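Student: These protein sequence lines are chains A and B, in that order.
So for the first sequence, our numbering puts the first residue at 9; every next one is plus one.
So for the second sequence, our numbering puts the first residue at 73; every next one is plus one.
None of these hints come from the bench; they were simulated from the model.
Only true hints are included.
Here are the simulated DMTMM-like cross-link-like pairs (lysine to aspartate or glutamate), alpha carbons at most 25 Å apart as the crow flies:
hint, chain 1, residue 1, chain 2, residue 2
1, A, Lys108, B, Asp160
2, A, Lys113, B, Glu135
3, B, Lys136, B, Glu124
4, A, Lys113, B, Asp160
5, B, Lys113, A, Asp19
6, A, Lys108, B, Glu94
7, A, Lys108, B, Glu124
8, A, Lys108, B, Glu135
9, A, Lys11, B, Glu131
10, A, Lys108, B, Asp99
11, A, Lys108, B, Glu131
Away from chain A, derived, C-beta distances all over 10 Å, residues of chain B:
hint, residue
12, Cys85
13, Lys92
14, Gln132
15, Thr152
16, Ser161
Remember, predicted model here, so these are calculated numbers, not experimental data.
In this text, a Cβ means the ideal position worked out from N, Cα and C, and glycines have one as well.
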Amino acid sequence: DAKTTQPPSMDCAEGRAANLPCNHSTISGNEYVYWYRQIHSQGPQYIIHGLKNNETNEMASLIITEDRKSSTLILPHATLRDTAVYYCIVRINSGGSNYKLTFGKGTLLTVNP
Amino acid sequence: GAVVSQHPSWVICKSGTSVKIECRSLDFQATTMFWYRQFPKQSLMLMATSNEGSKATYEQGVEKDKFLINHASLTLSTLTVTSAHPEDSSFYICSASTAVIGAFFGQGTRLTVV
Chain A
9 DAKTTQPPSM
19 DCAEGRAANL
29 PCNHSTISGN
39 EYVYWYRQIH
49 SQGPQYIIHG
59 LKNNETNEMA
69 SLIITEDRKS
79 STLILPHATL
89 RDTAVYYCIV
99 RINSGGSNYK
109 LTFGKGTLLT
119 VNP
Chain B
73 GAVVSQHPSW
83 VICKSGTSVK
93 IECRSLDFQA
103 TTMFWYRQFP
113 KQSLMLMATS
123 NEGSKATYEQ
133 GVEKDKFLIN
143 HASLTLSTLT
153 VTSAHPEDSS
163 FYICSASTAV
173 IGAFFGQGTR
183 LTVV
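All chains, full assembly: derive it from the sequences and hints.
Tutor: This is how it looks when you write it as structure tokens:
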């Protein structure tokens, strides 16, 4: 199972872009990179996922390096409500179409006014 | 995104009693559901994986007789904490998923055993 490494915490000014890095150097070819975030005392919220191409949706952009060993989640204009713990997860294929999501410690992003 | 409803959002129970937590996927059919627990200031810890119609697969160290998981349909899974004790107090979170759309999480259940 590929593991991920994230910085424990980051700060960002409101209105600026937040760039959250993630290392997944042991990722295998059929594993996706998923990003979730968790605001205090709530369930995790899906943000975005990708395999090898860069992805963008209404919440964020995901940049995956060509060798797929790392990725960056970009929140283009961070707001105070984006303060949360962000988790980078590599999807583990535990057989067939089944898989499980195992969480690391994540990055606590604090957006400051 | 897909909606997963978890109920109750919080519960207080007496030591020795059992508590059932429900997890429903409201607008999609979930082939797989996951159950997690989370202690304060810690990450989510996977407890078990359940597939519709089959027995749950428990992670190492999780007592299957204490944490009963039922996944009777593609939209409903339940977690029953049997003979709860204060050390079982935690934040329990479910996730419903398919291979196509990924995994979505419930709001979580705060269990307090007194």
